[in-house]
Structures are given as C-alpha cells and as structure tokens.
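Enquirer: Sequences listed follow chains G and B, in order.
Under our numbering, think of the first position of the first sequence as 124, with each following residue one higher.
Under our numbering, think of the first position of the second sequence as 156, with each following residue one higher.
Hints may contain errors.
In silico lysine-lysine, PhoX-like type, Cα no more than 20 angstroms apart, as pairs [stated by the list, open to error]:
# : chain 1 : residue 1 : chain 2 : residue 2
1 : G       : Lys226    : B       : Lys224
2 : G       : Lys132    : B       : Lys197
3 : B       : Lys213    : G       : Lys226
4 : B       : Lys213    : G       : Lys137
5 : G       : Lys226    : G       : Lys206
6 : B       : Lys223    : B       : Lys197
7 : B       : Lys233    : B       : Lys223
For the record, the hints were derived by calculation from the structure and aren't laboratory data.
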Amino acid sequence: DGGITQSPKYLFRKEGQNVTLSCEQNLNHDAMYWYRQDPGQGLRLIYYSQIVNDFQKGDIAEGYSVSREKKESFPLTVTSAQKNPTAFYLCASSTHGTPLNEKLFFGSGTQLSVL
Amino acid sequence: AQSVTQLDSHVSVSEGTPVLLRCNYSSSYSPSLFWYVQHPNKGLQLLLKYTSAATLVKGINGFEAEFKKSETSFHLTKPSAHMSDAAEYFCVVRNQAGTALIFGKGTTLSVSS
Numbered sequence: 124d125g126g127i128t129q130s131p132k133y134l135f136r137k138e139g140q141n142v143t144l145s146c147e148q149n150l151n152h153d154a155m156y157w158y159r160q161d162p163g164q165g166l167r168l169i170y171y172s173q174i175v176n177d178f179q180k181g182d183i184a185e186g187y188s189v190s191r192e193k194k195e196s197f198p199l200t201v202t203s204a205q206k207n208p209t210a211f212y213l214c215a216s217s218t219h220g221t222p223l224n225e226k227l228f229f230g231s232g233t234q235l236s237v238l
Numbered sequence: 156a157q158s159v160t161q162l163d164s165h166v167s168v169s170e171g172t173p174v175l176l177r178c179n180y181s182s183s184y185s186p187s188l189f190w191y192v193q194h195p196n197k198g199l200q201l202l203l204k205y206t207s208a209a210t211l212v213k214g215i216n217g218f219e220a221e222f223k224k225s226e227t228s229f230h231l232t233k234p235s236a237h238m239s240d241a242a243e244y245f246c247v248v249r250n251q252a253g254t255a256l257i258f259g260k261g262t263t264l265s266v267s268s
C-alpha cells in the first residue's frame, strides 16, 4: 500500500543533542512538507520541498535543517539550536509542488520530547 | 502575508444541533481556502476546499462552508451534529506562491449526547 511512513513514533532528545526524524513516501509525490503541531498553535510549517535537491524555509525554520537527496525521502533534523523542540511533528506530501495540490497526505507523526 | 484566524479554540454542541466553526482569512489576493479535520489518533483529512468557483462549498460528512469576500470569512457549518464529528478542525489557506498550506490554530469540536 502506498503511503507516508514516519519514524520513530516517539523520540527523546537530550540537551545539546541533534536528532533526525525520518519521513519516507512511496506515493511518487513531488512535494514534501514538515509541520510542527503544538496545543493551541495548530500546524506550523517548518520546511518544504517541491522537488529533489531543493527546499525552502517555512514559518518556523530556525533550529531545524532538512535534506531532499531522494524524491521519496525528506528527513528533518532538530538541532541543538532549537530551544523548544518538544512537539508533535507531521510529515506530508502532495502530487505537485507548484501549484500545490491541496490534498496533502500526512504521516502518522513523531512525538519528540526533551529529557 | 496570508493567514487564517479561527475565532474559537473550543466549540461544544449537543448531538443533533447545528455546528458553526468560524474562520476569517487575511489575503491580498484571491485565496484558496480549505478545512481539514483531525480525529483523535488519526491523520489529517481534507473536508472541503474553495478555489474561486462556487462560494458555497460542500464537503464530506455533511459539512459545508461559504466563502464571503465582503466579510473575509470561510465558516464551516453542519445542520446536525453527530457524535463522530468530535475532532479538531483546521481552517487553511494556500500561500500566494502556491507552494504550501498555512494552518489556523484549530478548533476543538465536542459533541455531547
């Protein structure tokens, strides 16, 4: 079955540590996105990528980094510079980068907590 | 910059009564607007979309929304709430470049019997 796979489901980070969240899709989608979900904040866009080897900052990119070396993969690294990393992270994809196909397919999310 | 404001963080209704979830948008261009729903322990699902065609948009599960340019609103309604409608609802606008979706803060809908 096609879909988006995020791993791990739960992740714990120590102070000063970088951690990487995995996102893989087998939907042959061009565009991929990372959102952060906090209670009362909704979903906020961190980074997005419309095509391989290209990505753009979203609204809250500080303290995060991404790469898009393969069409099916869009890993997110939460760096030690992100001072409030505890949140639920959602990866999404869509069939076209521009114009955006509004039907996003979402992964099941990764809950990141700080030890 | 484009944005959406969901006016209520929490709405409570009784089963069988109407639902109104309010959303105002801010945009310098003709926006594309959407409503997404997130049920507990499930992923986000597109409810309906407005893309400059008919101003009254019908979605899944009996929901509909009306685009009102004069009021810059895109409120979500349903004539009769069902227990299964209890979820988090997000009003969403596409950015001007057409490359990403901007989410509102969400409205939690509770339905009591």
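Enquirer: Give a verdict on every hint.
Expert: Hints versus structure:
no. : hint                  : result
1   : Lys226(G) x Lys224(B) : violated, 23 angstroms
2   : Lys132(G) x Lys197(B) : holds, 13 angstroms
3   : Lys213(B) x Lys226(G) : holds, 16 angstroms
4   : Lys213(B) x Lys137(G) : violated, 47 angstroms
5   : Lys226(G) x Lys206(G) : violated, 32 angstroms
6   : Lys223(B) x Lys197(B) : violated, 31 angstroms
7   : Lys233(B) x Lys223(B) : holds, 17 angstroms
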